[in-house]
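> Residue numbers (my numbering), protein chains in the order written: chain W, 1 to 239; chain G, 1 to 243.
Hints are computed from structural coordinates only; laboratory data are not their basis. We put the CB at the ideal spot given by N, CA and C, even for glycine. Some clues are possibly wrong.
To be verified - Distance windows between CB atoms, simulated: (1) G/170 - W/6: 51 to 57 Å; (2) G/109 - W/67: 41 to 47 Å; (3) G/170 - W/57: 35 to 41 Å; (4) W/38 - G/221: 55 to 61 Å; (5) G/125 - W/126: 42 to 48 Å.
To be verified - Covered stretches of chain W (chain G as the covering partner; in silico rule of three or more C-beta atoms under 8 Å from a C-beta of chain G): (6) 47-56; (7) 102-111.
Claimed, not checked - Residues from chain W shown here face chain G by an in silico Cβ test under 7 Å; the list is partial: (8) 74; (9) 75; (10) 79; (11) 81; (12) 83; (13) 85; (14) 90; (15) 98.
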Amino acid sequence: MEPAIVVSGLRVVRGGREVLHGLDLDVARGCVTGLLGPSGSGKTTLMRAIVGVQIVREGRVTVLGLPAGAPALRFRVGYQTQAPSVYPDLTVRENLGYFAAVLGVGAAEVARAVATVGLAGLEGQLAARLSGGELARLSLATALLGSPALLVLDEPTVGLDPVLRRDLWDRFRELAADGVTLLVSSHVMDEADRCDDLVLLRDGVVLTTGTPSDLRARTGEQELDAAFLALVDGAGRAG
Amino acid sequence: MSLARSRATAARVLRQLRHDPRTIALLLAVPCVLQVLVHELFASRAEVFQALGVPLLGLFPFVAMFIVTSITMLRERTSGTLERLLATPIGRGDLLVGYALAFAVVAAAQASLVSLLSFGLLGLESEDRALVVALAIANAVLGMALGLFASAFARTEFQAVQFMPAFVLPQILLCGLLVPREEMAGWLQALSALMPLTYAYDALARVSNGDLGGRLWLDVAVLGGATALALGLGAVTLRRRTP
Ligand SMILES: Nc1ncnc2c1ncn2[C@@H]1O[C@H](COP(=O)(O)OP(=O)(O)OP(=O)(O)O)[C@@H](O)[C@H]1O
Ligand SMILES: [Mg+2]
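The following block holds chain G by itself, in its conformation from the complex (with noise of 0.2 Å):
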């Protein structure tokens, strides 16, 4: 491992994305938009909007990331710049901790501006707002990690967009955010216990509960290791040697 290439590697990743701009006004944009649209839909029940603001607020990036990751990873498989890179003395290691490094930062800009407007201008309240950004930016990192894996099962980039539908949306359904878990079927609550998405909501309504109990720890460390496994796994995708 080198913190070099990891750091030389976030910064080509952000570089890039400087040279689009529209894409980081997108980025920034779009879940203040959702989230103000939120607000407007349960503008008469504002209660619902205190239960539903805190974990919107972190799921954003965690969705955002999955898209971003996986199609740059991609980019990087059929452009040929990954192989180009895995004959270079950089580790796998490097790249994946520079990608995570990279979209980590894009993760904390969004995470603070949603914050920021929902806050400050929708009238949403938490006992721990730092506490609601860290838990923002862990969900982007975890979004990125899953977003790496999936995009070894991708050849082309129809296949890649259509991972979100297939990889998050399920995770969005059954997290607990529509329809509390206790009420799912059985079955369902299994499922639901198998994806990382569940942890992250856990911990979110948890934070903006104010319970900030042990159970919140428990799914934090649940979200790490989940975190660690995708990018085990998206790292044993990225051979050097390939047929």
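Bound conformation, chain W alone (with noise of 0.2 Å):
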């Protein structure tokens, strides 16, 4: 089956600095695929470019065959950003009825964001008055509104506790079994044994990729905190 995305050459310049360096890289379709590597990386900066809010220099980003940021693509691409994007002088459900309007899908998909990330409860509560967690689950829940067929996550599940965090991702792992594709980034090393595919960037390009146990069998490391650090390590001596 043909990727999900399909990233070839992208060259990326922010703020007069080159920060992706002709990145390459394929996301299989139905599967939840981790996004590591150190902070400054490029990670945000690659979500961003496939869901198309991103200036690129050069190359080519195909999402779901089209091309990213494509107009048809803004109905089947979710997308959370890192720092939470909502509107907080607006309750949690003014904030997901707007978004919901705006996808044209009605209050039942709503109720159904609120319940996977647990709001249930809060909904006439100011986003301002949520506490970090609240706030960085309705920004997610806005991104699973309107059942998108991708959904690019950019660290959901930041300042959760285990409990949430390990229902989140259930959640997640249902979304990928009923073929929804989702490329989510993290620093979290036992998320990342959740996820199918692993991608590791480092300074801008793609330094690995391969499943958890690809990882662990490569570096010969057990832990995937020890292996990532591995791999990070050695492409610093190498390069």
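Once you've looked at the hints, go ahead and assemble the two chains, each given alone in its own frame, into the complex.
Pasting the structure below:
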């Protein structure tokens, strides 16, 4: 099957500096792909390019068979930005209601998204008065509206407790089982272990890709944490 | 363009305002207080208030909506909600029309309240009160369009607030309210002719004098054109892709 995302030769310049240097990547359909890499390695920039909001210097990004950012994709791609992007002066329900109206979906979708992220009971609360983790979940809920075929989630579980993290990852696995493609960036290695595929970025290029067990085998490390460090450090010495 | 998305955007902007009752109170009360101040200031010269009252009534919404829109839009840019929205099917036009609808509603409330006060209690007179309120709403939409455009050049709220004196004060100084345009130096007249508020003032002054002739409708046409131009420029500054 054709991959959900094909990136080839992607170059991006931000603030006068090249931050992605001719990046190539395939992301399989119906899988959870984890995007890992040190801070500043270009994870958010790559996700922005895939969603079609990043100005690109060179290269091609194809999403679900269309050029990234194509109007038809805006109904089929859900994007959670790294910093929560919701209206602080609206309630949970009003925030989701607005994004639902923009996508042309109804109140049932709002209720479902609220349930998925575990915000039931807080629908009437102003976003400004939510806790950090609740705010992150509201931002995630806006990305889930409209049942997108591709979810691009930039550190969706930052600031969440272990129980919530587990529940959300259970939900991500269910979505993937239903055929949804998920690209999820994370710094947490026990989350990486729940991905089908991992992509390791470093300094704006793909350092390596593979399943969690591939990476373990390749580095001879049992812990993904150690494998990640070995790969990042190893590349540092080589390059 | 999608009317449903524009309507949803307008409703969202109004809901944001509703959660901020103090801003609503300020938007409604400040023009009334200012109008009373002007009335009292010229208590012994009623003809001055008769001359200033109608133009002021129409200019308050312009200033208020310029500020409110430039801050709202700047917040939308810096909070990431704009980036988030532009990754959804919403069109830039849908967003702008939504904003215009929402602020037109606020301006209608503002202008109605000031005109109720001015015509009802302060003894202001005008042939055509409905036309005054309609012009006030048109000015509000113009202020909104200019505020939207100006916000593209502000990176911080401090900068956005400074655009008020930079974009708005010169227009108020030169529109003819303080000094009749014919008495200005030639280069000031030329500058004044380039400023949309000049036509807003001229239209209001004409309605105030009961002069509903062709020049009034020319002013209105210029106002409409300036609003469309500012909205178009504002749309250009709303980029789906950013660096
Ligand atoms: N708006 C911007 N203007 C200029 N440079 C930027 C901008 N945003 C990010 N950068 C730079 O681009 C590089 C990649 O940033 P990016 O946000 O993609 O990293 P990241 O992998 O997501 O990091 P983190 O894990 O900390 O979120 C960084 O060096 C960063 O300094
Ligand atoms: Mg990031």
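> Each of the hints needs a verdict: does it hold here or not?
Here is what the structure says about each hint:
Under the hint 51 to 57 Å, the C-beta atoms of residue 170 of chain G and residue 6 of chain W, about 53 Å apart, fit the expected range. Between residue 109 of chain G and residue 67 of chain W the Cβ separation comes to about 45 Å, which falls inside the hinted range of 41 to 47 Å. At about 40 Å, the CB distance of residue 170 of chain G to residue 57 of chain W agrees with the hint of 35 to 41 Å. At about 59 Å, the beta-carbon gap between residue 38 of chain W and residue 221 of chain G stays in the expected band of 55 to 61 Å.
At about 45 Å, the beta-carbon gap between residue 125 of chain G and residue 126 of chain W stays in the expected band of 42 to 48 Å. With 6 residues carrying a beta carbon less than 8 Å from a beta carbon of chain G, the segment 47-56 of chain W meets the three-residue requirement, and the given coverage holds. With a threshold of 8 Å between beta carbons, the proposed coverage of the segment 102-111 of chain W by chain G holds, since 3 of its residues qualify and at least three are required. At its closest, the beta carbon of residue 74 of chain W sits 4 Å from a beta carbon of chain G; the interface hint therefore holds under the 7 Å criterion.
The beta carbon of residue 75 of chain W is positioned within 7 Å of a beta carbon in chain G (closest approach about 6 Å), and the interface hint is therefore held. Interface restraint check for residue 79 of chain W: the shortest CB-CB distance to chain G comes to about 5 Å, inside 7 Å, so the restraint holds. For the restraint placing residue 81 of chain W at the interface with chain G, the shortest Cβ-Cβ distance is roughly 5 Å, inside the 7 Å limit, so the hint holds. Residue-level restraint check for residue 83 of chain W holds (minimum Cβ-Cβ distance to chain G is 6 Å; threshold 7 Å).
For residue 85 of chain W, the interface hint holds, the least distance from its beta-carbon to any beta-carbon of chain G being 3 Å, beneath 7 Å. For residue 90 of chain W, the suggested interface contact is upheld, since its CB lies about 6 Å from the closest CB of chain G, less than 7 Å. For the restraint placing residue 98 of chain W at the interface with chain G, the shortest Cβ-Cβ distance is roughly 4 Å, inside the 7 Å limit, so the hint holds.
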